[in-house]
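> What follows is each chain in one-letter form.
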Amino acid sequence: MALPYSELVMEHFRNPRNVGRMEEPDAKAIEGSPACGDMVAVYLRVDEESHRIDDIKFESYGCASNIATGSIITELAKGKTIEEAKTISWEQATQALGGLPPVKVHCSVLAVDGLRAAIQNYEERHGLVAEEIPTDAVEVRRRLKRVMNPEVGLDLIRTRVVSDVEVSEGVVRVVLSLSEDSQFANNIREEIIEKIEPIWDVDEVIVEFEE
Amino acid sequence: MNQDSIYLDNAAATRMDERVIEAMLPYMTEKYAVATSQFGYSLGLASKEALDGARAILAGRLGAEPEEFVFTSGSAESSNMAIKGVGMALGEKKGRHIISTAIEDFPVLHSARSLERQGFTVDHVRLDEHGRVDLEHLQELIRPDTVLVTIQAANQEIGTLQDLDAIGAICRERDVLLHSDATYSFGRVPLDVVQTPVDLVSVSAHLLHGPKGIGGLYIRKGTPLIKWMDGGFQEFNLRGGVENIADAVGFAKAVELITPKETQRLQEMRDRLMAILLEIPQSRVNGHPEHRLPHNANVSFRYVEGESVLLHLDLRGFAVSTGSACFSRSLEGSHVILGIGGNHERAHGSIRFTFGRYNKPEDVDQVAEALADIVVRLREISPLGKE
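As given, the protein sequences belong to chains A and B, one line each in that order.
Read left to right, the first sequence gives residues 1219 to 1429 (my numbering).
Read left to right, the second sequence gives residues 7 to 393 (my numbering).
One chain only, chain B, in its complex shape (with noise of 0.2 Å):
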């Protein structure tokens, strides 16, 4: 990206933010020792130091202990690590049944179908237009072989929020494990494992102006769990491997650093590009209109193609994503739009907008003029909408 670029695609990557790299910076020149035992050398206690400190603070922003907190290179191996390793614990002991919905992230979809494959069987719980979950068809769900639900906290394109409490109570009376990703919200929407009743979370450093590589996995003390990476006895002997102590620390001062007053800000930016595009003819929102991702908006536009816009909007300096198909690595159109039950249609006119601490009042106002303008010239060239 130049240094004019507008960059509306913060949950997709965040620009690193200079005190994250400065906190880092120690972990790699003169703090580089290992986390050693607590019998070991000064040089690796300062190092373990730093990796239980940055652990309490992540923990604690989800109100957890800290030895509830392992960290992983990503919220995808996070959610790997969580499904596949209840599924393992649990298989044989009570079942091998797992619910879901169609618009998790892939690192669940996948997760989910991997254990298919091997005997699984994956149901997916049904969703209201907007991508909330059904809460009764939830219930009508849970068999007695149920051993995990795994719906997230907030959804990577459209943003909607789901009532983790709600369905951690059902899950809790059901005595049925819950994990959720949280990937999108966490920092920015507030979740707390004593208020609400979920089992396992993942979460990630990378779209909170912290370093990529670098997530965690939140596990409620007694979670079955099958020993993920094999290796020394690191991360309470799940994940073998030496820390990765640097981007841990950077995770630390990432979360520190968001504030609620910052979210607000994002959020007034959102609404104003949200209402500004809707104004925009045959146009539409994508997701729960409240219940949604502070920094997030979807819109699609009918009549036009994402991949076109895109790159439309590419070529005047702005960053945005889209759910078309001819912009996804399968070439299929977004899971999450036809998961709500939208067409193809309405998959590949969606365009996604996410906002970072980087983004400034005005960055609305310039993409919204250049939008309206590509969709207005790919609509005169479009055979569609002019009956």
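Isolated chain A (complex conformation) (with noise of 0.2 Å):
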């Protein structure tokens, strides 16, 4: 029987490594929503001198690539300084589990949202965040390079599904060459929202199809 995971994401799927809750963690976070569908969360224990992952554990509310690249995420981050955690990508991620199917690869990017947003948070405890910038277009194209096209496994950006981005008084206004009829438009446009809507400065997310 053919199932649509590799046998390494099926190994993880089975076996998640680094799994469970840590109590008194150094830093944690939770990304994604069960209104979504899928969350992960991550919790980190950072050796203060040298700001390396001395420990790594996630729990997982999701689909077998979210549990097996949750799996994943932890074991590439573990040892790691938080700085280099931070370089770590969903390529990488997918990579180091023998690839994803297209459709799940926005399993691979929660993931490592979930990683990043647990070294914001150590980062933010320890006073070690810059200030906050302005939203404007740029960055939204570059947030919206981690919203997949689930057609192709791609995001966004690469795919050349955006046609325009405005942002103006904290309204992100986003047009994809998209027909509103197809078959992942609502998905889309739900991650689309997942990603922008929580920016510090923005109030408003305004997705809009054209073909």
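Just so you know, these hints were derived from the structure itself, not from any lab.
All C-beta atoms in this analysis are idealised placements derived from N, C-alpha and C, irrespective of residue type, glycine included.
It is possible that part of the hints are untrue.
Simulated DEER-style distance windows between Cβ atoms [what the hints assert, rightly or not]: (1) D277(B) - N1404(A): 33 to 43 Å; (2) G101(B) - L1372(A): 40 to 50 Å; (3) R322(B) - D1273(A): 27 to 37 Å; (4) E1422(A) - R149(B): 29 to 39 Å; (5) P72(B) - G1317(A): 49 to 59 Å; (6) V1356(A) - T229(B): 54 to 64 Å; (7) E1422(A) - E122(B): 25 to 35 Å; (8) L1221(A) - T229(B): 39 to 49 Å; (9) R25(B) - P1222(A): 53 to 63 Å; (10) E1398(A) - P196(B): 34 to 44 Å; (11) S120(B) - S1395(A): 19 to 29 Å.
Dock the two chains into a complex; use the hints.
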């Protein structure tokens, strides 16, 4: 029987590494929500001197690839400094699992975001954060590189789906060259809102479709 | 599926009954002629007789006349034919308003959406928490330009049965046509078009241990429809193309083999499975507790996601279905669970079990045991539900 997942994904799904809750972590973060279906919690124990990740744990509410990508990022991050761990990309996570089906690549983005959010949480707790910069179209496009086009498993920017981005007084308008009736239209809309709305100076996100 | 697998997804497809295959075989080997007119050669007449016989059996099961039953390639086509057919036949004459529900299966949902793009308006009737239609709201929604009400007989996921008698009475009184997608209930829940005022009914063979690729549409005499497929004059000049006689014969045989006694047996297994599953903490039934398909169980488990459950069950040899977004082709959570006011979390954790002829009582205990273990394991690694 041909499962859609690689053997490595199945192995991490069946026997996830570093799974569970950490008591009194130095930092933690939860990405996703029950509403959007996938959730990853990441807990860190960081050496105060060297900023090295001594221990990392994750919890997952999601599908097989969510569990597997959560598992793999803990393996990739363990023993690295937080600066090194920040550079781990979803491409690396996906590769380390021997690939993911295109519609599931967004799971690895979520896992990597969970790790980065936990690191950010550590930096905030330890006064290591830079000031907040006002959001512009460039920043929005940068973040849209983290929203997947499930049809091909690559991001919206690379697949040239984003035709326009406007930012004005807290309202972000994203125009997609995509039919509103296309198979993944609703999913992409939700993912965009999920990535852009939490930005500190964004009040509203409007996603428009044009063929 | 290997021999040891336990298949509990009989609302997706069913194993064909050997007796159905046996009944079909002669129409592929010896009696392969096309169904000819009454003036044709003997071989063609034999084919025509077989087709007419199958039609009579299927129409009879619905209390209809044979000439009110048209064969199609499956209930997806039947629903397209009914909804678009009525829309196109009456759009100019009467109006462009259709009433449906938010929880219909995709053929109905998307046929209505397709008409919407052509200028029709589609309203959805309010549903209660179990997915049953609010009859008063239906009354309110009917307008002078309403051409069709399309409401399913039974829901594909949560199994809720609609009160078609009451819905039909309202439509009849207000002079509006009623179509019902009975794909999931046909054969298992009686429907008689003499008693129930319904004008169009979609049915299919593939969930009744019959072949895939054949279905039918009941069309009450005098119902306005456009010609669906241009071709010859087959299927009362509504659907052209060479008739699929072997599958039609298989469809009729499959329906003949469905008995109330068997359905009762499936219901007993279903009832027992539901009772065991509801003992798992933080679980709940989706759909109506009583007015539901006899062979459908649908339960949501909190804090776990359906695709993971499905994959773990698959690794242990069980086949089930889920309303989780991760499992769907569009990455969207079940529109049915969301349509009855459920949240995404409930959709993601919903698991559907549907029974068929080849299930045995021990399947219930085995799947329940495996599932209880899987839910515990997934909850251990879930960030939810621990506070």
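> Run every hint past the structure and note whether it holds.
Hint check:
For the hinted restraint 33 to 43 Å between D277(B) and N1404(A), the CB-CB distance of approximately 36 Å keeps it satisfied. Taking the beta carbon of each, G101(B) and L1372(A) are about 46 Å apart, inside 40 to 50 Å as hinted. Range check, R322(B) to D1273(A): Cβ separation about 32 Å, and the 27 to 37 Å hint holds. Between E1422(A) and R149(B) the CB atoms are about 35 Å apart, so this pair conforms to the stated range of 29 to 39 Å.
In this structure the supplied range 49 to 59 Å holds for P72(B) paired with G1317(A), their Cβ-Cβ distance being about 55 Å. Here the CB-CB span from V1356(A) to T229(B) is close to 59 Å, well matched to the stated 54 to 64 Å. The hint said 25 to 35 Å for the Cβ distance between E1422(A) and E122(B), and at roughly 27 Å that hint holds. Roughly 47 Å separates the CB atoms of L1221(A) and T229(B), a value that falls within the hinted 39 to 49 Å.
A C-beta distance of roughly 35 Å is found between R25(B) and P1222(A), which places it outside the suggested range of 53 to 63 Å. For the pair E1398(A) and P196(B), the supplied restraint of 34 to 44 Å holds, since their beta-carbon distance comes to about 41 Å. About 23 Å separates the C-beta atoms of S120(B) and S1395(A), a value consistent with the hinted range of 19 to 29 Å.
When held up to the earlier numbered hints, the structure conflicts with hint 9 and nothing else.
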